[in-house]
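Enquirer: One letter stands for each residue in the lines below.
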Amino acid sequence: GESVGLHLPTLSVQEGDNSIINCAYSNSASDYFIWYKQESGKGPQFIIDIRSNMDKRQGQRVTVLLNKTVKHLSLQIAATQPGDSAVYFCAENWGPTQGGSEKLVFGKGTKLTVNP
Amino acid sequence: GAGVSQSPSNKVTEKGKDVELRCDPISGHTALYWYRQSLGQGLEFLIYFQGNSAPDKSGLPSDRFSAERTGGSVSTLTIQRTQQEDSAVYLCASSRRQGYEQFFGPGTRLTVL
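Protein chains in written order, with the numbering used here: chain A, 1 to 116; chain B, 117 to 229.
Please note that a few of the clues may not be correct.
Lysine-lysine pairs mimicking DSS-like chemistry, simulated, CA-CA at most 25 Å apart [to be verified]:
| hint | chain 1 | residue 1 | chain 2 | residue 2 |
| --- | --- | --- | --- | --- |
| 1 | A | 108 | B | 173 |
| 2 | A | 68 | A | 108 |
| 3 | A | 56 | A | 68 |
| 4 | A | 111 | A | 42 |
| 5 | A | 42 | B | 127 |
| 6 | B | 173 | B | 127 |
Here are some, though not all, of the chain A residues that point toward chain B, as calculated from beta-carbon distances under 10 Å [as the list claims (entries may be wrong)]:
| hint | residue |
| --- | --- |
| 7 | 32 |
| 8 | 34 |
| 9 | 89 |
Simulated from the structure, these hints should not be mistaken for lab results. On a predicted model such as this, the values are computed, not experimentally measured, just so you know. Where is the CB? At the ideal position from N, CA and C, for every residue including glycine.
Only chain A is shown next, with the shape it has when bound in the complex (with noise of 0.2 Å):
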């Protein structure tokens, strides 16, 4: 997989099924991912977070797992509606850039389709 990208560009999935969206970092030593949702000609939308000190976290219908030893994110969507049709983007912190601050790595990202 690239750096912070996404092993499937696209994914198609039927009402009610469950999604996972994956995706490959390559900071080591990132200490903090968050997933995203974009909409058709809106910004960025933040779903879930991450820090590096836990390997599962879950939100409503969705759930983030990082494994830090191959350096994978997931995340599940369970139950997935038309609505959640959109691309989405994994990001790492990849900390202090040249100028000190710390930044965000996004994927190339995911859409997914959901079929009604």
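Place chain B on chain A using the hints.
Expert: Chain B alone, transformed into the frame defined by chain A:
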């Protein structure tokens, strides 16, 4: 409260012209970020402001790009002598502080003809 707002939502300009893009962050958020998103791509970090500290400009692609943040609130991203490759959606985000969730605005779609 209101989220992050950006203006204009769309901007079409001719090659060689200067453009200014505006971002109003969430009130009280001390960190502000600019990103660029090309068609079908992820987000590319451009610049970061934190309070009154000097901005982190390490992501700016060339010296034609600059940004400022006045009074610790509103930010303006300026692109001088625009080129066709500058065409993209420019997204602004703010967070209550560095290392925490970033809230994004709707973006400005820039088209350079």
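Enquirer: Of the hints given before, which are not true for this structure?
Expert: Checked against the structure, no hint fails, so every one of them is satisfied.
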